[in-house]
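Trainee: Residues per chain are reported as follows:
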Amino acid sequence: MYKYDEIDQQIVDERVAQYRDQVRRYLAGELSEDEFRPLRLQNGLYIQRHAPMLRIAVPYGMLSSKQLRKLGDIAQKYDRSYGHFSTRQNLQLNWPKLEDTPDILAELATVQMHAIQTSGNCIRNITTDQFVGIAPDEVIDPRAMAEIIRQWSTFHPEFALLPRKFKIAVSGTKQDRAIVQAHDIGLEFYTDNNNNVAVKVWVGGGLGRTPILGSVIREHLDWQHALTYCEAIIRVYNLHGRRDNMYKARIKILTKALGINEFRNQVEAEWTHLKDGPNTITEAELARVAKHFDPMPYENLSAHDASFDAAIASNPAFAAWVKRCVHVHKQPGYRAVTLSLKPHGQAPGDITSEQMWAVADLADEFSFGELRSSHEQNLILADVKLADLYKLWEKARAQGLATPNIGLLTDIICCPGGDFCSLANAKSIPIAQAIQMQFDDLDYLHDIGDIELNISGCMNACGHHHVGHIGILGVDKDGSEWYQVSIGGKQGNDASLGSVIGRAFSAEEMPGVIQKLIEVYIQQRTPEERFIDTVRRIGAPPFKAHVYAKNEVAA
Amino acid sequence: MSNLVKIENGVAALANDDWTLVKLPEAQTEERIQAGKVVLFKLTGESTITEEQIANTVIPATGKIIVPLSVFVERNAELESRIANGEVGVWLATHELLEYLIQQQADLNVLPIIAVFVERFADGRIFSIGTLLRTRYGFKNELRAFGDVLRDQLFFLKRSGFTSFMVRQDRSAQEAIASLNDFSKPYQGAVDEPQPVFKRYNRGV
Ligand code: SF4
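Protein chains in written order, with the numbering used here: chain R, 1 to 555; chain D, 1 to 205.
So that you can see chain R by itself, here it is in the shape it has in the complex (with noise of 0.2 angstroms):
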């Protein structure tokens, strides 16, 4: 992964000593509330409900080892000894003082972490897939491309002030795992007719309050040209995306006033004067950056390992776990591992700092020190050796993070809602506790099959609830918490927006209305058909049918 030379750590050491002043001043008064708040925000650090919320920057989802263990060591210290992981692939903290966080931040400075631009309205953390450099189906491996993405939008003087929050996902896959299409801008990149490396730009997706896939702006663009062609459409959405409304400022907007044509031309006419200019990407920087993310030094192994066939054949539940959460590698005889953060009756994508230590010994143990996150809120070691799975599987096991449940109905994606987050129009944890708890049987979680099951507490989407197969959105009907379901949503290249199934239901109805949806699918699938096929196939009448049936009887 990318490590930092003197200049990296420099930029950093001098934002945590730029923040402690900020802190300094906000403190002493000479900064007003309002004054400090886009200050911190910049800085990931949230007021919340019972306490600030910092947000540690995962870049890309890349960790270390000894990252992760600081990471563990800061919770301790600093916090009630846990974290949690976003869907963004960043590390919340949910308890620290706010006169604590120049301190965390200087800590974090020391293994090359901080927390800058994780909130506010400014470019954030690029996201791209978990199996980047990995996955058979990969294309181009695009992190030197997102770390160089992230060098250039860190502290960006023209968009340091954005009318709202910006996001960029990148990937090089041929299946979309970064959702590209449900971000500000999504970078595709791709190896075009005369095998250059090109870009497929996509533009104003995004999840929140309204919903909507993003459009492609350009189909083809030279890799050198990304920096320039983001800065051409981000100068654009900041000179005339809204300001005066809060819930209509974001780029998705602005393209759907002006119409994606309209948007195109201001957009390539202030890329003339762009293009080519000092920003342009050179091929030796690309190459500098690119090393940090050569191939690991993999053995030369077989496709086949007998001791692993054997543990299959003889442990069904080391068979299990490897069915979800084990994946296919590029590299023969290696697979990837998805430790799950999932395991039934806890918040999704929480992490106990002795877990984290944990797993930063499995990274250094197994996966040559190095691990990442995902935005299902998992975390995965991603070269694993076929022979070394059993050992893993029991020490990750003993650490309670080997339920297989990995991409089944209780991986669920969840935003830390009412319990923690100001904003939620209700909670979102304890919901996913009881569907976890309702289906606490994995055989009949393994018969389910694949789903996506995605919850947000309000409208501004943290959970991704409109690209869930079923989506949960908490709402709120007079001062009391609701849950309005939908379903049909799904992320990916063939990605759709779920359609709400009906009137919203009470938080001790939410189990029961899954249990529905599920019964529903169970009935009408076809052999090998995935939930969300067949909702496209027989559409959500059916499904409605059934759940709202029982009321009917009972009014």
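Hints listed in this document are in silico derivations from the structure and should not be mistaken for laboratory results.
Keep in mind that a hint or two might mislead.
Simulated DEER-style distance windows between Cβ atoms [to be verified]:
id, chain 1, residue 1, chain 2, residue 2, range
1, R, 106, D, 120, 28 to 34 angstroms
2, R, 273, D, 21, 26 to 32 angstroms
3, R, 24, D, 81, 49 to 55 angstroms
4, D, 76, R, 27, 49 to 55 angstroms
5, D, 8, R, 24, 47 to 53 angstroms
6, D, 185, R, 447, 37 to 43 angstroms
7, R, 275, D, 100, 42 to 48 angstroms
Listed next, the in silico DSS-like pairs over lysine-lysine satisfying Cα-Cα at most 25 angstroms (straight line) [said to hold, decoys possible]:
id, chain 1, residue 1, chain 2, residue 2
8, D, 64, D, 6
9, R, 200, R, 275
10, R, 330, R, 385
11, R, 330, R, 174
12, R, 395, R, 385
13, R, 256, R, 330
14, R, 256, R, 165
15, R, 3, R, 70
16, R, 248, R, 275
17, R, 291, D, 185
18, R, 385, R, 477
19, D, 64, D, 140
20, R, 291, D, 199
21, R, 3, D, 199
22, D, 185, D, 140
23, D, 185, R, 275
24, D, 140, R, 275
25, R, 256, R, 200
26, R, 66, R, 395
27, R, 3, D, 185
28, R, 275, D, 199
Here the structure is a predicted model, which is why all the values come from computation and not from measurement.
In this text, a Cβ means the ideal position worked out from N, Cα and C, and glycines have one as well.
Using the hints provided, position chain D with the ligand relative to the given structure of chain R.
Mentor: Same frame as chain R, now just chain D with the ligand:
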């Protein structure tokens, strides 16, 4: 001493302000959201300046003045000789369009100063406006930020081409100067340093 910070020959210091800022009178009529550039104004939701406001703006008879963009354009004939003498600068608000200025005044370097008014700290349009004035329209003279200007914008303003900063009256301009040096080696190319870090330093291979 005013609350003005000025960068001259690379050095930032407090400076006297020898310009008089000419303001528009308060709007008499209700706000009209529609304007010439219908689409853009609708989107940003800004109010437009009325003809009465422009006509009623009091322009001091002598001295160096910074006039509102609308006055500069609509009452240009009145100002002609003073412009030629280098006594007239222009200010604009962040929602106003630079094209409007350029149509009137193709060579911006006739103006000794352009000032940009930022109403709220969080309004980052000022950075794009500065960048465009410097890189697109070749403006070389004093570029000033005024309004809700606080120390934590100064670094970004400087990088976007601003050379003077009228810090908000209730804050220390002296203390704000320090923030101009918050970061010593910024990553990306911008107005003050067009080359990105990877072209300025040998970062190894
Ligand atoms: S979706 Fe709403 S409730 Fe959930 S974390 Fe985001 S803002 Fe908070």
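Trainee: Decide, hint by hint, whether the structure agrees.
Mentor: Cross-check of the supplied hints:
1. R:106 x D:120: 28 to 34 angstroms: With Cβ atoms ~31 angstroms apart, the hint holds.
2. R:273 x D:21: 26 to 32 angstroms: 31 angstroms, holds
3. R:24 x D:81: 49 to 55 angstroms: 52 angstroms, holds
4. D:76 x R:27: 49 to 55 angstroms: For residue 76 of chain D and residue 27 of chain R the Cβ distance comes to about 50 angstroms; the hint holds.
5. D:8 x R:24: 47 to 53 angstroms: 30 angstroms, violated
6. D:185 x R:447: 37 to 43 angstroms: Roughly 57 angstroms apart at Cβ, these two residues miss the hinted range, so it is violated.
7. R:275 x D:100: 42 to 48 angstroms: Because 26 angstroms falls outside the window, the suggested range is violated.
8. D:64 x D:6: 17 angstroms, holds
9. R:200 x R:275: 17 angstroms, holds
10. R:330 x R:385: 12 angstroms, holds
11. R:330 x R:174: 14 angstroms, holds
12. R:395 x R:385: The hint holds at about 15 angstroms.
13. R:256 x R:330: Violated, at about 40 angstroms.
14. R:256 x R:165: It holds: about 17 angstroms lies between the C-alpha atoms, which stays within 25 angstroms.
15. R:3 x R:70: 16 angstroms, holds
16. R:248 x R:275: This hinted pair is violated, its Cα atoms lying about 30 angstroms apart.
17. R:291 x D:185: 22 angstroms, holds
18. R:385 x R:477: Status violated; Cα separation ~52 angstroms.
19. D:64 x D:140: Satisfied, since the Cα-Cα distance of roughly 18 angstroms is no more than 25 angstroms.
20. R:291 x D:199: 18 angstroms, holds
21. R:3 x D:199: This hinted pair holds, its Cα atoms lying about 19 angstroms apart.
22. D:185 x D:140: With Cα atoms ~24 angstroms apart, residue 185 of chain D and residue 140 of chain D stay inside 25 angstroms; holds.
23. D:185 x R:275: Given that 25 angstroms is the threshold and the Cα spacing comes to 24 angstroms, the pair holds.
24. D:140 x R:275: 22 angstroms, holds
25. R:256 x R:200: Holds, because 19 angstroms separates the two Cα atoms, which is no more than 25 angstroms.
26. R:66 x R:395: 19 angstroms, holds
27. R:3 x D:185: Judged against 25 angstroms, a Cα distance of about 17 angstroms means the pair holds.
28. R:275 x D:199: Distance ~16 angstroms between residue 275 of chain R and residue 199 of chain D Cα, so the pair holds.
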